[in-house]
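Sequences listed follow chains A and B, in order. Mapping the first sequence onto the UniProt record's numbering, position 31 (from 1) lands on 31, and the numbers just tick up by one. Mapping the second sequence onto the UniProt record's numbering, position 311 (from 1) lands on 311, and the numbers just tick up by one.
Hints listed in this document are in silico derivations from the structure and should not be mistaken for laboratory results. Don't be surprised by glycine CBs; every beta carbon is placed ideally from N, CA and C. Fair warning: there could be bad hints in the mix.
[What the hints assert, rightly or not] Selected chain A positions facing chain B (in silico; Cβ < 10 angstroms):
(1) G54
(2) E55
(3) D229
(4) F234
(5) M237
(6) R242
(7) W243
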Amino acid sequence: MNFFDESKGKQVAFKIHSVKEKVQKAATLEELRRVHEKFISWIQALQDSQHSIGEIYAHLNETHDVIARKAVAFAYERVIQDIGEPEGNLCFFSMGSSARQEQTIWTDQDNGLIHDFRMDQEKAERFAREFSEASVHYLSEAGYPLCPGNVMASNPRWRHSESEWKTQMAAYWNKTSEHDLKYLMMLLDTRPIFGNPGLLYQLKSWYLHELRQHPNVIMKMSSLAGSHDIPINFAGMIFTERWGKFAGRFDVKQGVFAPFTNAVKVLAAISNVEESSTRARLIVLEERGELSLLQLEDCILAYDFLLDLRLCHSVKARENDDKLDYHILLSRLGTKRVHQLKDTMRLVKWLQKKTKKRGIQFEQSTGF
Amino acid sequence: MKESTIMMYMDSLWVMVAAVLVIGMQAGFALLEAGSTRMKNSGHVAGKQILSFALATIAFWAAGFGITFGEGNSLFGTSGWMLEGDSKTFDALSWANVPLSLKFLFQLAFVGVSLAIAWGGFAERAKLSVYFIFGIVFTVLIYPVIGHWVWGGGWLGEMGMQDFAGSTVVHLQGAIAALVATLLLGPRIGKFNKDRTPNLIPGHNQVYTVLGGIILWIGWFGFNAGSTMGTADGFFGYVALTTNLAAAAGAIGAILTSKFLTGKADIPAMVNGVLAALVAITAACAFVEAWAAIVIGFFAGAFTFWTSVYFERKGVDDPIYAFSVHGIAGIIGTISTGFFASPRLVEQTGVGKAGLFYGGGFEQLFVQTIGVIGAAVYVGVISFILLFAMKKLVGLRVTPEQEISGLDISEHGSYGYPEHLDPSLTSAKKAN
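Using the sequences plus the hints, can you model the full thing?
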């Protein structure tokens, strides 16, 4: 590293430190929001520095976590002021990209709540509801838009006591409609944000254990994860949107990123991997012999490429004040990155096939 | 009974059957176009086929047939108004051993098809009055001139242009008029976003579209095979064979291309692929070997799917892809004989020369290209002058309010699907 790089590195390190310190010191939602809004400048600095994409995401998601934790803590304080402290524990948890630690600069909320309140049911429900609604509202104030699919703790579907969660999950795997399977797959991506993490970890362990007792559900999940079309043909031509406001653009999220993370998620569930981040899941899958070292390297390379693509697009959208979406113009990617994208899409196709095959094998091996 | 008399009876019967098949294609267009457009315009889109054929019938009888086939100069016929004339008036059609009334009926069916193609570019936003004015002018001043150039003893026919049943005369003409109309009318409301990205405006009934395509495919046996206008050597059977092979290849070519380019095997694209292939083989059906018909059909079906996507991305709102299916495919078909015309078939038909792939050199290719350019320029210029003048004087397009409420109600006062669209009936249905 020459003098210039070294000096730049120090500046970046200082910026990271400064942002994290500001988040830690923020005493109001407004302050949290202000720091959140300035993410773009230090992320750009990180991108220009020699940090790997994994490191950038680690810093970014760590900071998102602190903001979210503080916003939810503010909500908790307000609710206990209004209706008093609950008897028992709760855990407010993140889902989706936040749970997988794949948040970019400005992402929608995906969250849920689990509790073991030992109080009158009506009071318990009231506390859970008011706390969830306040948390969702405060997160929104801190700059995390509401989830358009309503996957938030404010929705009763995603807010339960421990036993209710178990009953709910059992209902999903007894019915196994496409919706039920989607809900079950969403529940594979959970990470504690606030409260007692043990509640969520216990539920996750129980869920993975029970899931493995229902190989037909795993088989259907793997089939669902493997059935999403990857929009590339045998000659390597990538399909772009034909109509609508994104005509001519490629949907990175639906076209390749979600199928990738879904396949890894189900493969991890088959192998009883409890980790919630895609990177950690891949590493454990290699340790358990599900992937070879070479395959792991390919997957990590592809994953980093996709993370980079998402982040660059998200930064650009933020700069232009565009509503966040993941539709990109391939012509602006450059030849090298288009080739990388094609390789990644082919890898995802392979991962999907592998996931489907492992789902069938798992069902057959358990003799159900 | 003399053999020649028997042959005349046979030929007449064949031409009558062929004419009815081609007139039956109006039903195919009605279904194809109505199925490919929205419910609120369905009655209008289907019903205007009858209006169109009615206008064409009277205008072609009065003047169009005379300009096309009447005795005249190398640019247009100057006699034979209302089918009147002596034995030399319609010399250009003397090779067909059938009564004049049948010659007229068969040729009228072709004008009807050409005009139906042109309407594709007007779909869902043109005023009804435009159909009256443009329909008559197209039948009298546009179609007959090109028809005369190629089939009526005009300069292209003299050069040896090969257009057996009208890839250029019928289809390219209709398509050029459709393109001019679609450009002058502008896109339908909601077709493009502010940044010019296109939106999907799906047709209301894919089954109608498919049925329309099948009816057209059947009608094309009258169109191409009927263009032999005789039964003597059974050559019509060969023409029917190449026609069918091309259509089949077009369907496969289009659906594979759709899957290859978009990831989805689009059904309307397959129907358009059949039609594009039929359009392309229309010029070549009597000049090319069976294998070449498959190549031409496949290429036309595949390539026109790509052009339909391309034109849409470039901001052209051609609701039923008339320019790609009839225009681009018409060009492909006409040019194709310059490459594929086989010496054996050229000798049999007695028109033009063998194509490039059979050692015939570039001569036929040149003639075909000149024919395409000449026809396209003439139709383009006249259509533009006429439609531009109409746009300025009477207006081409309905008001935005009328377009949004639909042409069924705004132009005709009743819906094609009243139970679905008429507020008084939909509310009554809900109440029940």
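Against the structure, the hints come out as follows:
1. G54: violated (32 angstroms)
2. E55: Status violated, d = 36 angstroms.
3. D229: This hint holds: A:D229 lies near chain B, its Cβ roughly 6 angstroms from the closest one there, short of 10 angstroms.
4. F234: For A:F234, the interface hint holds, since the closest Cβ of chain B sits about 8 angstroms away, which is under 10 angstroms.
5. M237: Cβ of A:M237 sits 7 angstroms from chain B, so the hint holds.
6. R242: Holds. Min distance 6 angstroms.
7. W243: OK, holds: A:W243 within 10 angstroms of chain B, min 4 angstroms.
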